[in-house]
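Using the sequences provided together with the hints, build the complete structure.
There are 2 protein chains.
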Amino acid sequence: MARTAPRHLTDDELATVDRYWRAANYLAVGQIYLTGNPLLTEPLRPEHVKPRLLGHWGTSPGLNLVYAHLNRVIRARDLDAIHITGPGHGGPATLACCWLDGSYSDVHPDIPRDGEGMRRLFRQFSFPGGVPSHVAPQTPGSIHEGGELGYSLSHAYGAAFDNPGLLVAAIVGDGEAETGPLATGWHGNKFLDPVHDGAVLPVLHLNGYKIANPAVLARLDDGELDHLLRGYGHEPRYVGGDDPAAVHDALAAALDDCLDRIAQIQRAARGGDSSGRPRWPMIVLRTPKGWTGPAEVDGKPVENTWRAHQVPLSRVRDNPEHLAQLEAWLRSYRPEELFDERGRPVAGLLGQVPHGDRRLGSNPHANGGRLLRALPVPDVRRYAVEVPEPGGTLHEPTKILGEVLRDVMDATADRRDFRLFGPDETASNRLSAVFRASGKNWQEHRLATDEDLSRDGRVVEMLSEHNCQGWLEGYLLTGRHGLFASYEAFIHIVTSMANQHAKWLQVSRELPWRMPVSSLNYLLTSHVWRQDHNGFSHQDPGFIDHIVNKDPATIRVYLPPDTNCLLAVAAETLDTRDLINVVAAGKQPTFDWLGIEDAVNHVERGVSVWDWAGTDTGREPQVVLAAAGDVPTMEIMAAASLLRAHLPDLAVRVVNVVDLMRLMPRESHPRGLSDASFDALFTTSAPVIFAYHGYPWLIHRLTYSRHNHGNLHVRGYKERGTTTTPFDMVVLNDMDRYRLVMDVIDRTPSLASRAIAVRQAMEEKRNKHRAYVREHGEDMPEVRDWSWANPLG
Amino acid sequence: MARTAPRHLTDDELATVDRYWRAANYLAVGQIYLTGNPLLTEPLRPEHVKPRLLGHWGTSPGLNLVYAHLNRVIRARDLDAIHITGPGHGGPATLACCWLDGSYSDVHPDIPRDGEGMRRLFRQFSFPGGVPSHVAPQTPGSIHEGGELGYSLSHAYGAAFDNPGLLVAAIVGDGEAETGPLATGWHGNKFLDPVHDGAVLPVLHLNGYKIANPAVLARLDDGELDHLLRGYGHEPRYVGGDDPAAVHDALAAALDDCLDRIAQIQRAARGGDSSGRPRWPMIVLRTPKGWTGPAEVDGKPVENTWRAHQVPLSRVRDNPEHLAQLEAWLRSYRPEELFDERGRPVAGLLGQVPHGDRRLGSNPHANGGRLLRALPVPDVRRYAVEVPEPGGTLHEPTKILGEVLRDVMDATADRRDFRLFGPDETASNRLSAVFRASGKNWQEHRLATDEDLSRDGRVVEMLSEHNCQGWLEGYLLTGRHGLFASYEAFIHIVTSMANQHAKWLQVSRELPWRMPVSSLNYLLTSHVWRQDHNGFSHQDPGFIDHIVNKDPATIRVYLPPDTNCLLAVAAETLDTRDLINVVAAGKQPTFDWLGIEDAVNHVERGVSVWDWAGTDTGREPQVVLAAAGDVPTMEIMAAASLLRAHLPDLAVRVVNVVDLMRLMPRESHPRGLSDASFDALFTTSAPVIFAYHGYPWLIHRLTYSRHNHGNLHVRGYKERGTTTTPFDMVVLNDMDRYRLVMDVIDRTPSLASRAIAVRQAMEEKRNKHRAYVREHGEDMPEVRDWSWANPLG
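Residue numbers (numbering that gives the first Met the number 0), protein chains in the order written: chain A, 0 to 792; chain B, 0 to 792.
Please keep in mind that the hints were generated in silico from the structure rather than gathered at the bench. Note that the coordinates shown come from a computational prediction; the quantities given were computed from them, not determined experimentally. C-beta atoms are modelled at their ideal positions from N, C-alpha and C, and glycine is treated no differently. Any given hint could be a false lead.
Computed beta-carbon distance windows for the label pairs [said to hold, decoys possible]:
1) A:GLU320 / B:GLU596: 41 to 47 Å
2) A:GLU46 / B:ASN789: 26 to 32 Å
3) B:ARG769 / A:GLU340: 34 to 40 Å
4) B:ASP455 / A:PRO363: 53 to 59 Å
5) B:PRO45 / A:LEU393: 23 to 29 Å
6) A:ARG381 / B:TRP512: 54 to 60 Å
Spelled out as structure tokens, the structure:
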């Protein structure tokens with residue numbers, strides 16, 4: 000390892016960092032290949048090699064390099080730092096590094112830092128019953144799954160928000176950099192307050208190749224790349240090469256330079272300089288893919304090509320040449336200089352490793368539950384709306400919820416551990432009350448016409464659902480609380496991210512050392528039934544269908560029928576742990592059905608009979624009217640009042656479902672109702688006319704094994720929509736009150752003859768509606784003015 | 000309108016373009032507000048105003064401005080051009096412009112270009128039974144829905160690919176520009192071949208505000224913005240201001256400059272200059288939001304603020320001041336100078352409007368079915384694999400499919416109307432045969448180690464599912480064909496885009512003037528069961544659940560059990576129209592079950608009894624074993640062979656489902672089986688053990704109304720996974736052959752006593768597997784070596 004000028008590191012520092020890097024590379028290769036002979040104490044034989052070779056070598060040496068150098072600066076500067084590994088496929092690297100620094104053995108005592116531990120570390124990697132090939136919850140120090148790519152920067156910014164002492168080093172792969180979420184992830188720096196937030200240090204790792212192609216950013220000419228990164232708001236530092244000593248020195252210098260600059264920015268801002276959004280430093284690291292691996296295999300170049308992406312030598316067990324190449328490769332790291340005879344790292348190797356919780360594998364921010372404090376959710380009864388009689392008053396549910404959120408914001412003003420994220424819709428979603436407690440975060444210059452913007456705001460709005468989701472995930476996984484409010488239809492944009500977060504929570508729950516984190520709360524509003532004005536593209540309730548495919552222990556879905564129920568749902572969900580809570584609630588004036596105590600009880604039970612709304616008191620119901628969702632509840636209630644007026648003898652039971660998961664069998668979901676409870680609510684033989692917020696077949700999917708499933712008839716959104724009126728939306732989808740009454744008549748044979756006229760009257764109402772709405776462009780007065788308390792309709 | 004130097008337009012040109020713009024603005028306001036008195040021939044009264052005011056004014060004047068100026072250059076240069084309206088919320092603008100140029104009345108003859116037509120144009124906007132408030136399929140000249148934001152650039156590049164004579168002007172809103180998909184959409188220029196492709200001209204419209212916030216890009220300082228756009232690979236031209244004459248002149252000059260530069264780039268490239276990827280020109284247009292609208296309303300500034308986003312005057316019917324302001328606003332455009340007494344545009348207004356199909360509202364590329372040619376799909380029998388006996392041979396299905404795609408590529412080499420899109424996975428998905436017919440598109444410099452890259456390649460790979468999807472959509476909607484191959488789990492990334500495309504197709508189908516386009520074909524491979532090596536983050540079969548929520552007439556889902564069936568599915572789907580075809584098929588060696596003729600018949604029927612695999616010949620089955628998907632089929636076949644060996648008297652029927660939608664009732668899906676056909680396959684009383692590729696409850700959701708549903712027992716992926724072996728994946732999810740045999744025993748009471756030993760043997764096999772796989776890291780020999788032809792297991 001020849002030195003070249005300029006020299007930033009002393010010889011000793013250089014030797015230490017290089018030794019760590021070599022050790023980490025050795026351990027990465029070992030994990031991919033070896034099941035025995037971890038220290039190469041004997042010649043490598045086929046039986047030392049795993050039968051299935053799985054893992055990603057290509058990115059690993061770069062990840063190891065960054066880790067080694069982060070160690071040095073963390074220790075030298077006593078930094079509080081975590082790292083986010085965008086190229087999380089390089090699981091062998093991260094695992095190698097945290098085994099080396101001891102943090103791995105701290106949480107996995109069965110894998111000690113010695114020869115036997117090394118053997119187990121190798122063997123368990125990508126092995127049944129072992130650990131995944133990518134960075135995962137099982138990896139200490141990580142808050143970022145390897146696998147799906149694109150979220151490293153949004154996770155990094157989320158972690159840095161409200162963590163003024165924290166440095167988040169985010170390694171961005173050049174593959175990941177091509178994704179949309181990452182491409183807008185750079186703009187996180189537009190929302191980073193140098194006073195109240197920590198710093199994000201992006202390290203763009205250009206190793207040139209993806210699975211089978213060059214990477215786009217790696218092939219840009221230097222000028223264009225520099226434009227791009229400055230355009231993203233950064234001052235880039237460039238480090239590159241394939242001579243380890245030179246790269247070590249340059250990377251160390253660049254890191255120190257960046258950290259000095261970050262300290263300077265923060266010092267200035269915290270000292271009162273408000274001269275505008277800083278241009279944060281970043282590093283571009285250009286090193287060969289699969290660096291230090293085999294240069295050629297079977298006559299084809301491998302190092303510094305896409306062929307280095309996964310397992311460079313693929314036939315080690317049955318190809319002696321591959322076996323010899325592997326042994327030579329492993330020995331090229333000179334393991335005898337790195338580990339003592341008992342397989343422990345030699346003393347000089349660990350000279351730059353930080354201590355205790357400063358280690359990247361042990362920093363409590365990356366196991367956020369360790370730092371989590373209970374969220375001060377006020378007693379929601381204080382915000383309750385008066386309900387003198389059911390259906391006699393109207394409130395905008397999200398508007399009232401906004402008052403609760405305002406007070407949560409207020410109560411966390413000093414702690415700064417609660418944020419509200421949304422894509423430019425907080426006001427549109429009628430949550431504006433929060434602005435009285437916190438502005439909207441904005442680091443750019445402001446104009447006189449702007450409202451509610453502030454540099455330290457904890458409401459974060461950017462027209463990127465990906466950033467909102469990624470920021471919230473990063474915020475939660477580092478031990479804070481938050482809520483993501485979105486138009487229901489467009490939450491689909493982050494379907495895949497929700498997927499990955501659910502998987503993360505599911506796996507984390509099984510790891511005793513991972514402390515529970517605050518739940519990811521979605522408020523889906525401007526929902527399918529109230530996108531009459533925006534039209535078909537804004538109408539989609541299918542996120543619920545997606546989320547209920549995930550681990551039942553992780554997911555909850557709430558459909559509060561009114562304002563007080565939304566308050567009760569907020570009370571139940573906001574300070575929970577390790578869940579994904581999906582709450583779909585309207586922002587438009589909605590009838591109040593329940594007083595707050597009833598609402599709290601209703602939410603606690605999840606499903607209730609609304610006795611006061613039915614006509615089955617003291618007798619078996621002949622038909623059950625069930626609803627889940629605010630608009631479905633209104634239509635069911637209107638149908639119930641029509642039935643009461645037109646068929647007063649019919650014994651109608653009204654059931655409301657606020658906690659959707661209760662419909663699932665108890666064996667399938669921890670909140671599921673027992674069959675006995677389900678039967679008690681829905682009977683075993685009466686027809687059930689069920690109006691549901693979303694796609695109707697979801698209710699069948701949840702209830703197919705129930706005794707009365709054969710009598711269940713579900714109405715919901717069936718992908719019919721356009722720009723029209725609210726009532727026309729329910730008519731288009733056959734979920735309107737008139738149709739529901741017709742459904743009751745059609746499913747209750749005993750009614751047949753005496754109900755013919757009623758059925759015909761309902762059909763005429765629907766026709767009258769169609770004509771009226773097309774002439775007047777608004778709903779019929781009898782629909783607009785209808786209420787349960789005064790049922791004109 | 001004062002002129003300022005420099006003057007690019009003559010006075011006459013300026014007057015004409017301004018007159019068009021004023022007329023379009025007038026018509027946009029009219030659509031938002033008026034239901035009568037369209038020409039203001041009498042004083043405005045409340046009853047002339049719509050009861051519900053819906054629409055987006057803020058972006059409309061900018062969209063009108065660009066449209067007016069595009070008209071001028073299209074006519075002056077006889078350009079073949081379409082436009083993509085990123086801020087598609089500005090429906091009133093696009094509708095106004097194509098009503099003005101006559102293209103609207105061409106396809107909607109009930110809305111003529113006269114006073115009565117204007118009244119109807121106004122009235123129908125955002126009105127029940129009318130047209131949506133956003134740009135939509137109903138809007139002539141559009142291939143891009145307004146609503147969800149982010150896809151304007153990917154749609155634009157998709158439209159430009161292989162359309163060397165086409166100019167695609169893409170207006171990007173500053174709201175949209177914050178999204179991830181748009182942020183990576185800029186990189187489309189890295190894949191635009193100046194020889195074989197057309198040009199994309201991005202117009203970044205910075206009007207400063209979103210719904211309620213400033214826009215991020217609009218507040219960057221000039222230098223940073225310029226860096227960003229140059230970093231995206233563009234040479235930006237800047238136009239801005241609020242003086243119409245000056246902006247007209249500057250925009251005209253910038254447009255001419257850009258078009259000259261584009262022509263120069265194309266001329267050079269087509270003349271043989273291959274000096275590298277060109278830096279394409281673009282325009283940054285900075286004009287006030289809601290320009291020319293009310294400056295203030297109720298004492299608050301509106302023009303040039305976020306308050307101009309939707310309806311600036313909201314209480315026109317009951318607030319006389321608002322009414323007066325609206326009238327003044329409308330009259331500010333001087334309609335009497337724009338329209339004659341019969342409401343027709345005055346002659347001078349249309350002086351720059353192109354003729355016939357050159358009009359933006361009439362260009363056939365934006366109604367791509369007009370240009371579509373049948374895809375030359377070869378007879379797939381030519382690629383069939385020999386199947387001497389079922390289950391005796393193995394092939395990699397996608398590898399064989401790759402040969403078909405290669406020949407489709409070849410057959411379209413001159414026509415250039417077929418492309419394959421994928422996120423860096425074409426080789427990984429074993430479709431590499433296509434590279435023999437077309438390289439992977441790459442405009443950047445190449446290195447010696449690169450393989451299969453070419454400037455004119457029609458395989459397009461970028462690590463952005465958003466771009467792949469958007470490019471394919473743009474390509475299809477302009478009348479070409481294509482396929483998107485993706486890892487199954489990560490297709491969730493474009494869930495929301497698939498949503499919008501399904502809605503587009505659904506609505507288009509009802510418009511007689513929209514000609515059918517080629518279907519969007521997904522090949523989902525590297526699927527859930529074969530992501531044992533990549534682990535839990537890569538395991539998710541839920542895209543199917545999502546897509547089946549969409550309009551049944553639009554969607555098809557295929558699960559070919561083997562190579563020949565995949566070929567037959569390709570034959571059935573590749574040249575269809577107006578559908579979304581989802582095909583999930585493996586890339587790993589898969590048993591061949593059917594010869595090609597049987598495969599074609601099987602796919603044609605969608606569901607078949609595999610007589611040869613069952614033991615129910617000549618008798619009623621006691622149990623039905625059903626499978627959908629390649630791995631489920633293998634496990635079902637293995638279970639059938641176990642049953643044949645251990646319980647030879649049991650009458651087992653084996654059913655295979657290749658076309659999932661057949662399971663739906665005929666009334667719910669055009670491909671659904673009648674109840675009689677379903678009963679004939681699945682019986683009305685025998686237990687059905689169903690192994691399904693995805694989440695098991697989807698099968699219940701599809702079949703809940705079938706007679707035998709109560710006896711249906713479904714196994715599938717239930718969100719259990721990690722990095723492990725293939726067989727361990729099915730064991731973890733209880734879909735393995737042993738578990739299926741146990742299921743049969745558990746559900747067939749008549750077997751009870753004589754099957755106890757068999758059940759126990761199966762349980763032991765599972766336990767043996769668990770121990771074996773954890774010891775050896777690979778599957779038991781009896782699983783690895785099992786085949787139907789030689790059932791050792």
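Against the structure, the hints come out as follows:
Evaluation of the 41 to 47 Å hint for A:GLU320 and B:GLU596 yields a pass: the beta carbon distance comes to about 46 Å. Distance hint for A:GLU46 and B:ASN789: a CB-CB separation of about 28 Å, consistent with the stated range 26 to 32 Å. In this structure, B:ARG769 and A:GLU340 meet the distance hint of 34 to 40 Å, their C-beta atoms being roughly 36 Å apart. In this structure the hint that B:ASP455 and A:PRO363 lie 53 to 59 Å apart at CB holds, the actual value being about 54 Å.
Between B:PRO45 and A:LEU393 the CB atoms are about 25 Å apart, so this pair conforms to the stated range of 23 to 29 Å. Range check, A:ARG381 to B:TRP512: about 58 Å between beta-carbon atoms, so the 54 to 60 Å window is met.
Hint violations for this structure: none, all hints satisfied.
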